[in-house]
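Since the structure of chain A is already known, use the hints to place chain B on it.
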Amino acid sequence: ILNVEQSPQSLHVQEGDSTNFTCSFPSSNFYALHWYRWETAKSPEALFVMTLNGDEKKKGRISATLNTKEGYSYLYIKGSQPEDSATYLCAYFKTGANNLFFGTGTRLTVIP
Amino acid sequence: DGGITQSPKYLFRKEGQNVTLSCEQNLNHDAMYWYRQDPGQGLRLIYYSQIVNDFQKGDIAEGYSVSREKKESFPLTVTSAQKNPTAFYLCASNDGGNQPQHFGDGTRLSIL
Chain A
97 ILNVEQSPQS
107 LHVQEGDSTN
117 FTCSFPSSNF
127 YALHWYRWET
137 AKSPEALFVM
147 TLNGDEKKKG
157 RISATLNTKE
167 GYSYLYIKGS
177 QPEDSATYLC
187 AYFKTGANNL
197 FFGTGTRLTV
207 IP
Chain B
-8 DGGITQSPKY
2 LFRKEGQNVT
12 LSCEQNLNHD
22 AMYWYRQDPG
32 QGLRLIYYSQ
42 IVNDFQKGDI
52 AEGYSVSREK
62 KESFPLTVTS
72 AQKNPTAFYL
82 CASNDGGNQP
92 QHFGDGTRLS
102 IL
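Protein sequences appear in the order of chains A and B.
Quick note, the first sequence lines up with residues 97 to 208 if you use our numbering.
Quick note, the second sequence lines up with residues -8 to 103 if you use our numbering.
Read the hints as simulated data drawn from the structure, not as lab findings.
It should be emphasised that the depicted structure is a prediction, and the values quoted were computed from it without experimental measurement.
Just so you know, even glycine gets a beta-carbon here, dropped at the ideal spot from N, CA and C.
Among these hints, one or two may not hold up.
Selected chain A positions facing chain B (Cβ under 10 Å, derived; list incomplete) [claimed, not checked]:
| no. | residue |
| --- | --- |
| 1 | Q102 |
| 2 | H108 |
| 3 | F198 |
Looking at chain A on its own, in the form it has when it is part of the complex (with noise of 0.2 Å):
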């Protein structure tokens, strides 16, 4: 089993601030890294495949970078709303493998 840690497993922020936050996974044998987007009641979205070492990825007010060399990838919220508020996962896909392996989440709540 893989080692994908996620940080801070939980943070609040005020509306209109700014957040970010991390995952870290194994740089050796590096193939992928997904984040989803997990909101309460609903399953969850997929919002970045990344796989290139320097990657960065945008939606909205959303994005995300990737550094395939030190295994760590950042996932920045620019002037979140409610609507940001959910858990953000992120998950590796190492090469050779069918599967992915997720790390815990980072859950986000966004105060009106």
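Frame of chain A, contents of chain B only:
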């Protein structure tokens, strides 16, 4: 609309009983997955199937069984051998490999 349907939403199991969780997808995806979520832990892979009539054990397959007789269906049976079945179960599918996964809404299993 295309998606993944899990049923039931809540399920209760008596001691010594086998129960089956349903997962159906109409996304025409080849690969399907079953995950288990426990408090404070990431999603852990139970079983996955890359193609009809084939499936592989994930990290925590003991006490579970699956079948993949049809492309759209991947039921999970929690057997009496699974001594700690209380958890939230998620089913997912994708086109295989590193493609983003699509998730169902989950089934919460409890012991009576």
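Exercise for the section: Kindly indicate which numbered hints from before are broken by the structure, ordering the numbers from low to high. Expected result: 2
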